[in-house]
Each structure stands twice: as C-alpha cells, then as structure tokens.
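Start from chain L and add chain P according to the hints.
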Amino acid sequence: MVEQIIFLIISAFTLTMAVIVVTKRNLFHAALALMATFLGVAGLYVTLDAGFLAAAQLLVYIGAISILVIFAIMMTRRLMQTTEPAFNAQAAFALVTAVVSFGILFWVFYLFREFWPLLPDTAVPLAAKPELPPEMIQNSIIVMGRAFVDPAGYVLPFEIASVLLLAALVGAIIVAWPKAEDKA
Amino acid sequence: MIPLSWYLIVAALLFCIGLYGVMARRNAVAILMAVELMLNAVNINLIAFWRYTAPDRAVGLVWAVFVLTVAAAEAAVGLALIISVYRRRDSVIAEELDSLRN
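Top line first, the protein sequences correspond to chains L and P.
Each residue of the first sequence is one higher than the last, beginning at 1 in the working numbering.
Each residue of the second sequence is one higher than the last, beginning at 1001 in the working numbering.
It is worth saying that the hints were derived from the structure and are not from the lab.
What you are looking at is a predicted structure, and each value in this text was computed from that prediction instead of being measured.
Ideal Cβ positions, reconstructed from N, Cα and C, are used throughout, including at glycine.
Keep in mind that a hint or two might mislead.
As the list claims (entries may be wrong) - No more than 20 Å apart at the CA atoms, straight line, and that leaves these computed lysine to any residue pairs for SDA-like:
id : chain 1 : residue 1 : chain 2 : residue 2
1  : L       : Lys24     : L       : Met35
2  : L       : Lys24     : P       : Val1022
3  : L       : Lys24     : P       : Ile1031
4  : L       : Lys129    : P       : Asp1056
5  : L       : Lys129    : L       : Pro117
6  : L       : Lys129    : L       : Phe52
7  : L       : Lys24     : P       : Met1023
8  : L       : Lys24     : L       : Ile70
9  : L       : Lys129    : L       : Ile9
10 : L       : Lys24     : L       : Leu39
11 : L       : Lys179    : P       : Val1077
12 : L       : Lys129    : L       : Val2
13 : L       : Lys129    : L       : Gln4
14 : L       : Lys24     : P       : Ile1093
15 : L       : Lys24     : L       : Phe13
16 : L       : Lys179    : P       : Ile1083
17 : L       : Lys129    : P       : Met1001
18 : L       : Lys129    : P       : Val1059
19 : L       : Lys129    : P       : Arg1089
20 : L       : Lys129    : L       : Trp116
21 : L       : Lys179    : P       : Asp1056
22 : L       : Lys179    : P       : Ile1031
23 : L       : Lys129    : P       : Ile1009
24 : L       : Lys24     : L       : Phe52
25 : L       : Lys129    : L       : Ile6
26 : L       : Lys24     : P       : Met1038
27 : L       : Lys24     : P       : Val1077
28 : L       : Lys24     : L       : Phe93
29 : L       : Lys129    : L       : Phe7
30 : L       : Lys179    : P       : Ser1091
31 : L       : Lys179    : P       : Ile1009
Said to hold, decoys possible - One-sided and incomplete, this derived list gives chain P residues near chain L with beta-carbon spacing under 8 Å:
id : residue
32 : Leu1008
33 : Cys1016
34 : Gly1021
35 : Arg1025
36 : Arg1051
37 : Tyr1052
38 : Val1062
39 : Ala1064
40 : Ala1072
Chain P with its partners taken away, still in its complex shape:
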C-alpha cells in the first residue's frame, strides 16, 4: 500500500533537484541533463495519476510516451546545438554564450 502522495513527493523532489541543476550549473551539457531529470519527474506524476485515478484507460501511458518522444527530440536537438556552439566558440559554458547580449 503506497499512497499517491508519496509518488507526488518523490516526483516533486526530483523536479526541484533538476531545477537546481538547471539554474546552478555552468556547463550546457549539465543543464541538459538536469532538464532530463525534470522531464522524468513529470513522467512519474503522469503515470502515478494514471495508476491511481484512471487505470482502466490508457490515457496516462499515452501521454507519458509523448513526453518520452519530446524528451528524445529535445536531447537530439539540444546536443546538436551544443556541438555546433562548441565548434564555433570553443566553449560550452552557458555564461560565456553572450553574443545576443547588448
């Protein structure tokens, strides 16, 4: 017997850890990894709500698969951007990418 709130609390903790990583890390790859943590937290929430409130329908599973798809697309494009930026500027430190400033 596990109440729904335990899953929600674990997902909230995972999301906040990812939030900290996105805000505090300097490296663009590390920021992308923290974003993946946040997406995983969202997926835990979707599956938990599906299991507890609508286990007779496929709705939660379907949306979790969509989140998975978007996460895969995001990782591919994000890492391509990082490779491209590294090739041009020789750096993937997010603070040093300031050519759009001023």
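So that you can see chain L by itself, here it is in the shape it has in the complex:
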C-alpha cells in the first residue's frame, strides 16, 4: 500500500513536470522542469530496484544532458524571450495525435489485461513484482559488468557503443566548429 502511494506520487510528479516541459513558453523554465522529470524517472528506477540505473540517470541526464540543453538555450538568443509563440500551427493536430496514440496504447493494455493485470494481485504473475534473486540484490553491478564484457553477452554492442560515442564526440566538435567565412 505504501509502495503504491510512493509510486503514484513519483509518477504524478514526473508526468506533471513532463507536461510543463512541453508547454512552458520560457525555455529555461522548461529545461528546469526537464531536470525534475529526469529526477522523477530516476525515482521510478529506484522503485524498480535498479539503483545503478538511477545513479547513471542522475549523472548522465541531470548532470550532463540538462547542462548541455541549458548551455544551448543560453547561447542562442531569442529563446528566453516569452513573446514568441511556443507552438506551431499544427499544435491542435499534434495534441489530437498524442491523445489518440495514448488511447491506442491503453486499448492494447486493456485487450491484454489477462496477460498484465491492471490491478495488483500477488497470485497472478506480472501483477506484483517477483522476488529479486540474491545476487541481483547484493551485487547487481558486478552481474551487469560481467554481462558487458562477456563474449556470450553484450561485448559487441558495448564496443559499438564506445565507437558511437567517439564518433558522436568528433561529429559534434566538427559540426559546431566555426567556419573561416563565418568570422569575417
């Protein structure tokens, strides 16, 4: 019961902040709400017993990506002004599309309600969390690290991710590099 209340509070906080992100006209306020959304998602990770992911979320999203976004907002003029319209001409159509998308998703959940029950129940699988194995409680990071470098696990995606990060770094520097003719 307490767990459900905590979950509902975190979810309500996350979704409220997400709505502020997409509706606030002042982009700097939207970026602050984005940080709050990331914090709420980290809280959801904690309720799912993924402590390392929650810490990585705090470091990567709140620590790095939010700061990048705020830098971009501050480096580009006109963004902080509140006189510009925040939405384009198709905003109403976009709202309808988003609501219909959620309606379809929820309809699918409802169709498969026998597979993943909508109400908590300890007797039915997927209606309550299964027991976490002891090695995932004590050293889930070790299990994860072994999976990353295990040839039978995820060593190839791991290496590809490192190459992707390097390529993105080099690409970001080259794209943002000032051209000689721009300075004139």
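Relative to the frame of chain L, chain P by itself:
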C-alpha cells in the same frame, strides 16, 4: 505491490507527452527536450520488463545503459547542430529551417 501495467501506462503517458512536444513545439531545443522525454519513457519500459520478467539476468539493465549512451550522443550532436544552425541562420525555429525545400 505494483502491477507491471502501471509502469507501462506511466511510460506510455510520458511517451505521448514527448510526442506532443516533438510535433507541436517551434523551437529546435524544445523539440530535442521532448525527444529526451520519449527516450526516458522507453527506458522505463525496458527496466520494468526486466524487473518483472527477467530479474535474474542483466539484460534489461544492459539495454537501458545502451539507450542512455545513445541519448547522450544524440543530445551532443543535436545541440551542436542547433548551435551551428543558429550561427549561420540566426534562428533555431524549426519552421524557418526550410533551405532543403523545393
């Protein structure tokens, strides 16, 4: 006791909010922020499915970390593009970036 479907519904709501932001916002930075919301929704789904169906293996955590990596790379490249576009055209309004039209 929280059923899996609650997490899926929260993730679906977050995804649809991000979808609305991507389609309705004029500013390129705001569009990028909405994309980050959608990526977060995907990560909630991955972790929730891992916790409920395969908590004895690291598979869900591993893929969530990959999504995190790709999101970081995407944010870096996207913001570099926005800075570059702003430097050349003095605008980051997505509607005004139409030099590839016609």
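Hints, one by one, checked against the model:
1. L:Lys24 to L:Met35: Answer holds: lysine 24 of chain L to methionine 35 of chain L is near 14 Å, not above 20 Å.
2. L:Lys24 to P:Val1022: Roughly 14 Å between the alpha carbons, so the hint for lysine 24 of chain L and valine 1022 of chain P holds.
3. L:Lys24 to P:Ile1031: With Cα atoms ~13 Å apart, lysine 24 of chain L and isoleucine 1031 of chain P stay inside 20 Å; holds.
4. L:Lys129 to P:Asp1056: holds, 13 Å
5. L:Lys129 to L:Pro117: Holds: lysine 129 of chain L and proline 117 of chain L sit about 12 Å apart, inside 20 Å.
6. L:Lys129 to L:Phe52: holds, 19 Å
7. L:Lys24 to P:Met1023: holds, 15 Å
8. L:Lys24 to L:Ile70: holds, 15 Å
9. L:Lys129 to L:Ile9: holds, 19 Å
10. L:Lys24 to L:Leu39: holds, 18 Å
11. L:Lys179 to P:Val1077: It holds: about 17 Å lies between the C-alpha atoms, which stays within 20 Å.
12. L:Lys129 to L:Val2: It holds: about 14 Å lies between the C-alpha atoms, which stays within 20 Å.
13. L:Lys129 to L:Gln4: holds, 12 Å
14. L:Lys24 to P:Ile1093: holds, 16 Å
15. L:Lys24 to L:Phe13: Distance ~16 Å between lysine 24 of chain L and phenylalanine 13 of chain L Cα, so the pair holds.
16. L:Lys179 to P:Ile1083: Status holds; Cα separation ~13 Å.
17. L:Lys129 to P:Met1001: holds, 7 Å
18. L:Lys129 to P:Val1059: holds, 17 Å
19. L:Lys129 to P:Arg1089: Roughly 52 Å separates the two Cα atoms, so the pair is violated.
20. L:Lys129 to L:Trp116: Given pair lysine 129 of chain L, tryptophan 116 of chain L holds - Cα atoms ~12 Å apart, limit 20 Å.
21. L:Lys179 to P:Asp1056: violated, 52 Å
22. L:Lys179 to P:Ile1031: violated, 26 Å
23. L:Lys129 to P:Ile1009: holds, 16 Å
24. L:Lys24 to L:Phe52: violated, 31 Å
25. L:Lys129 to L:Ile6: The hint holds at about 15 Å.
26. L:Lys24 to P:Met1038: holds, 17 Å
27. L:Lys24 to P:Val1077: This hinted pair is violated, its Cα atoms lying about 24 Å apart.
28. L:Lys24 to L:Phe93: holds, 18 Å
29. L:Lys129 to L:Phe7: holds, 13 Å
30. L:Lys179 to P:Ser1091: OK: lysine 179 of chain L and serine 1091 of chain P at ~17 Å, within 20 Å.
31. L:Lys179 to P:Ile1009: violated, 47 Å
32. Leu1008: holds, 6 Å
33. Cys1016: Holds - the Cβ of cysteine 1016 of chain P comes within 8 Å of chain L, reaching about 4 Å at its closest.
34. Gly1021: Constraint on glycine 1021 of chain P satisfied, holds at 3 Å.
35. Arg1025: With Cβ-Cβ at 7 Å, under 8 Å, it holds.
36. Arg1051: holds, 5 Å
37. Tyr1052: Result: holds, 5 Å to nearest chain L Cβ.
38. Val1062: holds, 5 Å
39. Ala1064: holds, 6 Å
40. Ala1072: At 6 Å from the nearest chain L Cβ, alanine 1072 of chain P passes the 8 Å test, so the hint holds.
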